[in-house]
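Chemist: Starting from the structure of chain A, add chain B where the hints point.
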Amino acid sequence: MTTAEVLARPGSPVRRGIRHWIASFVVMTRWELGSLRMLLPLVVAIQIVIGGGFALGVGLLFENIPTRNALYLSTGVAVVTLITVGFVLGPQLVANHKMAGTYDFMWSLPVPRTSQAASWVAVNGVIAIPGMVAALLIADWRYDLPLSLSPSILPAVLLTIVAATMIGYAFAHAIKKPMITQLITQLLIFVILGFAPINFPPENLPGWLADLNLWLPFYHMAVVMRDGLTESLVTRVGRSYLVLTTYTMASVALAAWVVGRRE
Amino acid sequence: MDWTFRAVDVTKVFGELKANDGITLEVRPGEVYGLLGPNGAGKTTLVKQIIGLLKPTSGNITLGRYDLVEDPDAARQLCSYLPQAQMPIDSFKAGSVMTLTGMIRGGDQPTVQRRATEMIEALDLGEWRDTMGAKLSGGIKRLVGFAMVTVWPGRVVILDEPTNDVDPRRRRLLWEQIRRLGDEGAAVFLVTHNVLEAEKSVDRLAIINEGKLIAEGTPSSLKSQDRGSMRLQLMMVPGRATPEMPAFVREHTRVGNRVMAVVGEGDSFHAMGWAQELMGLGVAEEYALAATTLEDVYIRLTGHVSEEAAQELLG
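Just so you know, the sequences run in chain order A and B. For what it's worth, the numbering used here labels the leading residue of the first sequence as -5, then goes sequentially. For what it's worth, the numbering used here labels the leading residue of the second sequence as 140, then goes sequentially.
Only chain A is shown next, with the shape it has when bound in the complex:
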């Protein structure tokens, strides 16, 4: 097939619609996984070590960790592994493209921006989920937890990954200097770990900070995750699903806006 035949092929020269979106999503996911091929085993292994290490390490703060605290810790670690991938690793990979000068090429590819973003979420999921599972298995082995898996784990993981990935993605694309992106996302991680009730109950925080967290997504990520992983650790989860879904939708809209705008 010559160039002339490619150019003269039948059908509209500009593809649009849902079929184009899905085809682009599939092929961009192949691209992203392919471009991480050499790093992927290492990155997944590191996520597993981070998750498992965190679950074991924080437990050392207690001489004998009460089951309730161990449950908070372990289910929290599951959230932390997902957030770190979305907030730190994702932006770092975008920063790499910017530093290597390959960003323009990636951005000139003829695929819908939103399908490119969605493939990013899928790849982040591939990286993050093994670490999450490993952290839970290790914690279960170490603390003998009364975990109880329910189907609501699926929306819980999905919402958490999409929200975390898209917030990180929007940051990474919106901020011009890759170094600044990395500093901000790393700062965020430490602030979240310390001051959001992910690994501990909100009662441990000063009242105002606990109240503030009711309006941020991180506490709610932990609540929905606990809802999917335990029987009675959390109640009244409706509000958390609502807040987190709102954040997820807003983060997708934010990411779509950031990647769709042109200077």
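It is worth saying that the hints were derived from the structure and are not from the lab. Nothing here was measured: the structure is a model prediction, and the numbers come from that model. One thing to keep in mind: the hints can contain errors.
Claimed, not checked - Going by beta-carbon spacing under 10 angstroms, a handful of chain B positions derived as facing chain A: (1) 205; (2) 223; (3) 287; (4) 322.
Idealized CB from N, CA, C, for every residue including glycine.
Modeler: Structure of chain B alone, referenced to chain A:
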């Protein structure tokens, strides 16, 4: 359908800087169109607006009935872009990344694979087909990048310095492929500061300087203003100052130890005499008198010596 590319009065302002200032140009299918200009002239800014990475502050860019400014999705599908920077192919095998990019560009796998094989043969890349991108030299990576963006080309193909780092033999193969793209109906934009190469390969060209399109035409039409001129090159003895120019020298430039002077054809004899005199005085080591090239037009219009010419002159 008419697939003529048109940019009309395109202006792009970054803060205080007018990176593009009222650029108007038209490129027809089948044309290889050169965009020449020194670094920072605004070539890449223009290209990024065509492909939808930047939005013009004012002006229109259209391809046939498509408005590329209002419809960046269409812009990316209708235009293929090889940026000047490296391609992100370290983790891919050369052959498979061509196929994958062709599929991203909308081609079906079997056809794209067949075309990738043809391009590998045409560019003599066979021995690297299964080599990972990270292990390829800069020049081979450049050729793989070219194949990636043209294996399933858009109506407009934009190549930003495609021959960088490519060895002379494959450079010739690459030029053949660029020419073929044009002959088979694509409108090819060739962004370069390599004036000497562009002269041989483009149908028409625009010279851009400080954001403005300052000249446009075929290489010969641009040179026609210099018809009747010759270029005298003087190799100065290292450390010697540029001699005072006789009245018959129309203009001159110095790069390193070389001085290039433009003289009228009728003054050739005087010019040779003067050059021999300089050699006799121990000021110059050698000289050459030749017909003017596009390079001389470029120097006159932009006040810059192209990098390639500078390298050649510094030899």
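Chemist: The structure should be examined with respect to each hint, and the outcome stated for every one.
Modeler: Verification of the supplied hints:
For the restraint placing residue 205 (chain B) at the interface with chain A, the shortest Cβ-Cβ distance is roughly 7 angstroms, inside the 10 angstroms limit, so the hint holds. Interface hint at residue 223 (chain B): satisfied, since its Cβ lies 8 angstroms from the closest Cβ of chain A, which is below the 10 angstroms cut-off. Taking 10 angstroms as the C-beta cut-off, the interface hint given for residue 287 (chain B) holds, the closest approach to chain A being about 9 angstroms. The criterion of a C-beta within 10 angstroms of any C-beta in chain A is met by residue 322 (chain B), whose closest approach is roughly 9 angstroms, and the hint holds.
Every hint from the earlier list agrees with this structure, and none is contradicted.
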